[in-house]
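Protein chains: 2
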Amino acid sequence: MSKQWVYFFGAGKAEGDKDKKDLLGGKGAGLAEMTNLGIPVPPGFTISTEACNAYFLAGKKYPEGMWDQVIKNLKAVEKIMNKKFGDHKDPLLVSVRSGAKFSMPGMMDTVLNLGLSEASLKGLIDKSGDERFGWDAYRRFITMYGSICKEIDRMKFEHEIDKVKKKLGVKNDIELGAAQMKELCVKFKAIYKKETSEDFPEDPLEQLKGAINAVFASWFGAKATTYRKLNGIPDDLGTAVNVCTMVFGNLGDTSGTGVAFTRDPSTGENKFYGEILVNAQGEDVVAGIRTPMGVSEMAKHFPDAARDLMNIQDKLSKHFRDMLDLEFTIQDKKLWMLQTRVGKRTAAAALKIAIDLVHEKQIDEKTAVSRVEPAQLDQLLHPMIDPKAKVKKIAKGLNASPGAAVGKAVFTSEAAEEWAKRGEKVVLIRLETSPEDIGGMAASQGILTARGGMTSHAAVVARGMGTPCVAGCDALEIDVKKKQLKVKDVLIKEGDFISINGSTGDIILGAAPVIIPELSGDFAEFMAWVDKFRTLGVRTNADTPADALKAREFGAEGIGLCRTEHMFFAPERIKAVREMILSDDVEGRKKALAKILPMQRKDFKELFEAMEGFPVTIRYLDPPLHEFLPHEDKQINELAKEMGVTAAKLKQKISQLHEFNPMLGHRGCRLAITYPEICEMQTQAIIEAACELGKKGKTIKPEIMIPLVATLKEFEYLKAVCVETAEAVMKKAGQTIEYTVGTMIELPRACIVADTIAKEAEFFSFGTNDLTQTVFGLSRDDAGRFLPYYVDKKILPEDPFVSIDQGGVGEFMKLAIAKGRGVRPKMKMGICGEHGGEPESVKFCHRIGLSYVSCSPYRVPIAKLAAAHAALSTGGSTTK
Amino acid sequence: MSKQWVYFFGAGKAEGDKDKKDLLGGKGAGLAEMTNLGIPVPPGFTISTEACNAYFLAGKKYPEGMWDQVIKNLKAVEKIMNKKFGDHKDPLLVSVRSGAKFSMPGMMDTVLNLGLSEASLKGLIDKSGDERFGWDAYRRFITMYGSICKEIDRMKFEHEIDKVKKKLGVKNDIELGAAQMKELCVKFKAIYKKETSEDFPEDPLEQLKGAINAVFASWFGAKATTYRKLNGIPDDLGTAVNVCTMVFGNLGDTSGTGVAFTRDPSTGENKFYGEILVNAQGEDVVAGIRTPMGVSEMAKHFPDAARDLMNIQDKLSKHFRDMLDLEFTIQDKKLWMLQTRVGKRTAAAALKIAIDLVHEKQIDEKTAVSRVEPAQLDQLLHPMIDPKAKVKKIAKGLNASPGAAVGKAVFTSEAAEEWAKRGEKVVLIRLETSPEDIGGMAASQGILTARGGMTSHAAVVARGMGTPCVAGCDALEIDVKKKQLKVKDVLIKEGDFISINGSTGDIILGAAPVIIPELSGDFAEFMAWVDKFRTLGVRTNADTPADALKAREFGAEGIGLCRTEHMFFAPERIKAVREMILSDDVEGRKKALAKILPMQRKDFKELFEAMEGFPVTIRYLDPPLHEFLPHEDKQINELAKEMGVTAAKLKQKISQLHEFNPMLGHRGCRLAITYPEICEMQTQAIIEAACELGKKGKTIKPEIMIPLVATLKEFEYLKAVCVETAEAVMKKAGQTIEYTVGTMIELPRACIVADTIAKEAEFFSFGTNDLTQTVFGLSRDDAGRFLPYYVDKKILPEDPFVSIDQGGVGEFMKLAIAKGRGVRPKMKMGICGEHGGEPESVKFCHRIGLSYVSCSPYRVPIAKLAAAHAALSTGGSTTK
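Going line by line, the protein sequences match chains A and B. Residues 1 to 880 in the numbering used here are what the first sequence lists, from first letter to last. Residues 1 to 880 in the numbering used here are what the second sequence lists, from first letter to last.
By construction, these hints were calculated from the structure, which means they are not laboratory data. Some hints here could point you the wrong way.
All copies of an identical chain are treated as equivalent in the list; a pair is satisfied when it fits inside any one copy or across any two copies.
What the hints assert, rightly or not - Straight-line distance between alpha carbons at most 27 Å, and here's what the computed DSSO-like set of lysine-lysine pairs gives:
hint, residue 1, residue 2
1, Lys-713, Lys-814
2, Lys-695, Lys-793
3, Lys-649, Lys-421
4, Lys-3, Lys-127
5, Lys-732, Lys-421
6, Lys-793, Lys-713
Note that the coordinates shown come from a computational prediction; the quantities given were computed from them, not determined experimentally.
Using the sequences and the hints, build the whole thing.
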């Protein structure tokens with residue numbers, strides 16, 4: 001017997017259930033589960049993801065037994081429905097839909113009304129008694145089959161409809177009658193024949209094969225591939241194919257089709273939210289072409305179906321203990337459920353729903369924590385438009401995805417991507433969006449559409465991306481060709497600033513002032529749970545007291561990286577720094593450093609005060625010295641005058657300092673080894689600042705961090721300088737400061753000799769930016785030319801500067817941890833690269849046993865949540 | 001009981017022997033061995049190297065028991081000599097000499113005549129009956145003790161001698177009488193007092209302590225440290241101190257002091273070679289101040305001593321089975337041996353002696369192979385002055401160190417170092433050299449001195465360094481101040497070219513033409529033995545047929561690295577290369593590549609023919625493309641015209657290609673991944689060339705090597721391109737070529753994922769240049785600013801680009817080997833960086849199990865010898 005490739009559902013019993021998402025996809029598992037719960041689902045069957053993968057592995061051939069199983073299941077459906085596939089009298093029609101493990105809205109293609117042919121159409125018309133309905137169903141089927149299965153440009157079909165509408169002088173499809181629909185079918189078939197050189201298939205089994213193949217093929221279609229790449233979904237999951245008995249929402253005013261959320265997907269409010277389009281098929285809803293009716297109106301129009309829907313949503317909500325996204329169709333007043341799945345939601349909604357469910361005792365705190373995606377949390381922390389600011393609101397649309405976006409207006413996805421590449425912040429303005437716009441949407445700060453509802457493509461995708469979106473604002477007159485937007489008397493051209501408030505739907509002229517939301521209430525309650533389950537420490541990267549205070553607000557447990565060079569760039573200090581660089585001897589350098597000392601001391605004092613009681617890790621001067629010098633003639637001349645040297649001498653010094661590969665040059669600890677006086681000054685400033693505060697009874701925990709160490713000797717040499725200086729300062733001050741001296745691990749060599757370095761270093765902090773650069777031999781500044789190409793060609797699964805390359809860089813980290821802890825078992829080890837705020841990297845850091853991660857202030861809650869997720873899924877074995 | 005720190009020798013019995021070099025140093029072990037052999041050695045004792053290390057570890061304090069043991073051994077010497085240390089009547093005097101495990105000529109300090117004081121001097125004069133001798137001994141002692149133990153400028157003493165000589169109108173020290181010597185002693189003591197604020201010590205034990213301390217201290221003196229650094233001798237070996245009864249070569253004409261070699265150290269000829277200075281102490285010989293007498297003259301002057309010396313040298317030669325360097329003194333006609341050690345020799349001598357000893361059946365072939373230092377072999381392979389060339393010989397000196405040197409004349413060591421740093425080749429011209437000149441000598445192509453014999457400082461050190469040297473050419477009138485050299489009517493100024501022939505002693509005006517020596521005779525016989533014991537393969541780096549042929553002559557077993565980009569730079573090709581770079585699309589690039597294809601095919605055909613039967617590893621295009629474009633305005637304008645584009649467009653392209661860190665940029669396999677057509681063209685050229693030759697019945701073994709691979713996917717991607725192209729070419733040609741596709745391992749990531757890469761790669765070749773750069777995060781081009789400083793401060797033991805950093809880079813190599821061979825057990829693995837010709841690196845490659853090393857043609861024999869040494873010391877476990 002061959003393997004089971006096909007799973008049946010119908011008449012109250014299904015072969016699958018909600019836990020078989022890997023095999024049946026989200027949609028298939030949901031249909032099976034609903035069937036098992038006794039909820040009315042049109043019978044059908046699901047071809048498994050295994051079948052999809054087997055199909056591609058075999059070179060696009062069905063695996064053995066699959067087709068036989070399809071036929072067998074089709075017969076079972078025919079039996080329940082008492083109809084025959086392709087029948088001339090009462091034909092069984094089916095929908096064919098994709099359904100992967102993860103929901104990919106709008107990405108996968110669907111074919112409806114499959115099974116229709118000249119012959120069976122007659123049966124459909126006879127049976128429904130509605131000729132227009134029959135021909136409409138047929139022309140929709142030809143359109144979908146032609147465009148999806150045969151890749152005919154959909155516009156070719158739409159164009160014909162437009163011509164007919166124009167001829168009749170009508171606006172909407174619904175105004176076309178049976179004759180026009182029939183006429184369109186003839187024209188569509190001609191288009192089909194012209195484009196494919198084949199007749200439109202009469203055989204319903206041939207149609208079914210074509211549709212199954214198209215669903216499979218769509219898994220590797222450009223849209224789906226892009227979506228997976230953006231969302232980090234692996235390519236080898238495959239998609240299932242759901243073949244389901246057709247029910248019709250377009251059988252007149254007693255029918256309709258709709259979508260619903262069991263709670264508000266935007267705010268999380270515990271309020272059922274639904275929309276239904278009367279006399280429509282599913283595709284009409286998603287496309288956002290007409291504006292649907294809400295739940296209260298539906299209760300009047302479809303009282304029985306509405307009551308059933310409320311009961312079902314209640315049953316499902318309790319069963320799944322989560323907010324659900326439902327799809328349904330009412331055919332002749334009878335409700336059919338077509339889909340249930342955990343609904344996408346905004347970060348605010350995710351948080352509110354998780355908290356409410358805990359309060360309702362439906363889920364526990366651990367579950368609540370695991371229900372919110374760390375990356376999503378970012379939305380909550382993003383700036384919002386200052387409610388007190390006087391802004392010019394020019395229109396209002398639907399608040400489709402919350403948050404504020406400010407950017408320059410662009411009118412095509414291509415423009416959005418181009419401008420963004422140049423570093424511009426843009427707001428993408430479209431009539432409506434389609435899957436082709438994914439790239440441009442991802443590149444934009446915000447999305448604004450003139451058409452479509454809360455479940456339109458733009459709204460769903462924007463929420464998924466965490467991008468603010470205002471949808472369906474029909475006051476907008478968009479002219480893509482002229483690259484402009486008119487709202488009444490206001491004209492906005494490409495490049496003009498525009499702001500949108502995705503939380504209210506407001507559209508604002510110009511760049512509105514933005515503020516940061518408060519982090520109390522729900523957020524605070526949730527973060528308290530996060531902190532309860534998390535074992536990995538979370539610190540912040542901060543160079544200023546303001547950053548440090550902000551990070552403490554977000555719950556940072558210390559500073560993991562203070563980059564002292566940022567303190568050197570301040571206008572009033574750069575002069576002394578340059579004086580130091582231009583000195584030819586130790587004395588000259590010391591003299592210049594003496595000028596910097598009091599400023600550094602003040603910096604550290606303020607930073608220590610802001611982080612009182614928490615450790616503060618200070619990285620010593622890191623960048624090559626030429627970064628502090630000007631490179632343009634004019635500035636060089638000015639500086640020369642200021643410094644009292646000739647421009648020629650200054651130029652010579654600058655050219656002496658020029659490096660072919662600054663990344664691999666005279667920087668990091670190499671600076672302090674050649675100029676130990678810099679290390680002395682920095683140590684003096686730190687310890688003096690700590691002593692001053694210590695005298696006032698404050699607990700200061702400085703951690704001195706030496707960058708770019710490759711050998712034990714380098715570290716020993718500089719540690720000796722630090723300790724000697726620190727001891728002298730403390731003796732003079734009569735104070736004792738508990739300081740430690742550790743090192744960054746950011747070179748491959750440091751990883752492989754970590755056991756020797758750990759003999760002297762009191763802590764390690766992984767600098768995964770530089771470690772990635774050296775492990776790959778890849779300059780971050782130069783990688784732009786080929787790295788996107790690498791990701792496109794799947795040579796790299798993703799940009800290793802965004803998420804830690806676990807198989808390479810990660811292996812080096814593990815090596816260094818094992819070697820370091822072999823010598824110093826409880827050694828404190830952290831990470832201070834930008835990876836420290838990226839959820840997958842944070843989880844990795846938890847798994848490999850780091851003590852803490854350090855990230856930018858705004859990413860502290862994200863890192864904490866990722867850490868909690870990691871602890872909940874692996875158990876908390878890490879030491880803080 | 002405390003540890004034994006002191007080892008006695010005397011009266012036919014010694015506590016040490018020749019195998020205790022680690023403990024007693026070379027000199028101490030030699031003295032002990034000679035004593036045990038019954039050879040007349042003045043009795044004494046050796047303070048061990050362990051005592052030296054213990055002394056430094058304890059903060060310059062003698063270890064417990066050491067001083068007591070010194071006193072005890074001193075008493076034993078007194079007993080044998082029947083004299084008392086510091087005695088007023090017949091005082092025992094001693095010499096105090098350093099002696100490390102490895103001979104460090106002129107590096108360590110020696111104090112003679114120790115034990116003399118106002119009181120004991122009387123005894124010495126009474127006993128010798130020679131007042132001048134006594135006062136001369138005393139003034140020598142004050143000089144040595146003052147300058148060495150108290151760091152008084154020796155010139156202060158010499159200046160007084162000069163004044164006295166001037167006053168008397170005499171030239172040589174020997175012409176000074178007792179009165180002058182006495183007068184000098186008074187003056188010297190006054191200098192001593194002025195410089196140290198102490199009286200010159202009367203107590204001989206205080207003197208002894210001072211001298212022992214000075215010998216210990218000299219181990220970390222600047223000269224010794226430099227020498228160790230240049231010769232790769234570790235700092236923690238320590239030096240022994242030899243305290244030995246004084247015998248006097250300056251007791252008149254019946255006395256003398258000399259040095260000898262049991263075979264000729266320059267040519268290796270089996271001919272005893274000795275020099276003796278009558279009425280002189282050891283220091284006079286080494287300084288090369290007077291010209292000594294040879295062996296035949298000595299036989300007349302000192303018949304008994306000469307006969308004894310011949311017997312002793314015969315006995316020692318057979319005992320040690322090697323060429324020996326002897327030091328002796330004749331005191332009152334009686335011969336005393338002061339030192340025996342294996343003698344330094346030129347490469348030619350080393351080779352000849354090793355071969356002769358095999359022929360004489362004194363040693364076996366393995367021993368012969370291990371007797372020649374790989375680095376030394378370099379001398380034999382160096383160019384020599386074309387004997388047929390018409391050159392202007394302007395003078396002749398001693399042929400002190402063989403080989404030809406051509407360079408610009410410099411007159412100080414500082415100048416030599418400065419000019420060399422600028423990339424100039426220099427010949428250092430000095431009156432005589434001293435240990436202070438070590439740095440300048442190392443920086444020079446050749447050394448020319450006006451004074452001193454074959455055993456003068458210049459001669460000994462130059463031979464050790466393998467640097468050509470002509471010594472003792474008294475025709476030279478050197479004016480250091482004017483920076484010029486006059487030889488009769490010829491004037492050579494600083495910067496003028498001069499050539500020396502160290503094999504003949506000729507000095508030649510201008511830059512003489514040089515040729516390469518033939519590699520037959522002794523050399524061929526020796527290399528045959530080397531090949532017998534060696535297990536590591538040795539290939540060459542060669543980009544041209546000429547290089548390939550030269551390397552085969554040297555015995556290369558294939559090409560380990562052919563850098564194809566060198567073929568791209570040729571003037572007639574660069575145009576097509578630039579055309580390719582400037583193309584905006586695949587078609588344009590393919591068109592340009594089609595022009596390069598026939599040239600590449602021709603290159604490979606010639607290379608394959610030159611290396612027929614051996615593997616040829618071809619690295620695909622590696623450098624960033626901007627390296628092929630001009631960067632100066634003028635050239636850009638010219639090229640733009642040539643290419644038919646605007647200068648602006650060309651400039652834009654060049655600036656697009658600019659990289660911040662080219663080392664880490666768009667290069668290596670990244671080029672071929674973004675432009676697979678380059679990889680296709682190169683594969684086509686290789687396989688077509690191989691097919692053409694294959695048709696003629698030739699065996700061609702191309703190995704395609706992909707550079708800068710970091711991930712398996714990169715390699716897979718390009719291997720697929722190579723294989724597809726190669727299969728198509730072979731199919732078309734109807735030929736089958738056995739080619740392999742492998743990768744360079746030159747990135748840390750490749751090392752750590754070597755197991756995955758090895759699934760597809762058929763061989764590995766370590767690119768240790770780039771691997772060192774990325775492991776250290778260190779650009780070779782930029783490291784010059786701080787790397788010397790690092791080596792100076794001992795943060796790195798040596799430049800990791802010269803000799804493999806075994807503790808870091810080497811660990812990565814081991815990791816990659818273990819991972820690669822774990823997947824592909826017999827995988828061929830080589831190295832093709834410049835380390836492949838450096839002896840210590842070659843030995844390391846043998847130990848870690850590489851299949852072969854690849855190096856420049858001239859280093860092939862060196863690599864082979866190093867490989868044989870490694871095999872002989874570890875056993876040959878490597879697969880070829």
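Okay, the hints, checked on the actual structure:
no.	hint	result
1	Lys-713 <-> Lys-814	both (23 Å within a copy, 23 Å between copies)
2	Lys-695 <-> Lys-793	neither (60 Å within a copy, 38 Å between copies)
3	Lys-649 <-> Lys-421	between (39 Å within a copy, 21 Å between copies)
4	Lys-3 <-> Lys-127	neither (38 Å within a copy, 114 Å between copies)
5	Lys-732 <-> Lys-421	neither (54 Å within a copy, 46 Å between copies)
6	Lys-793 <-> Lys-713	between (43 Å within a copy, 10 Å between copies)
Hint violations for this structure: numbers 2, 4 and 5, all remaining hints satisfied.
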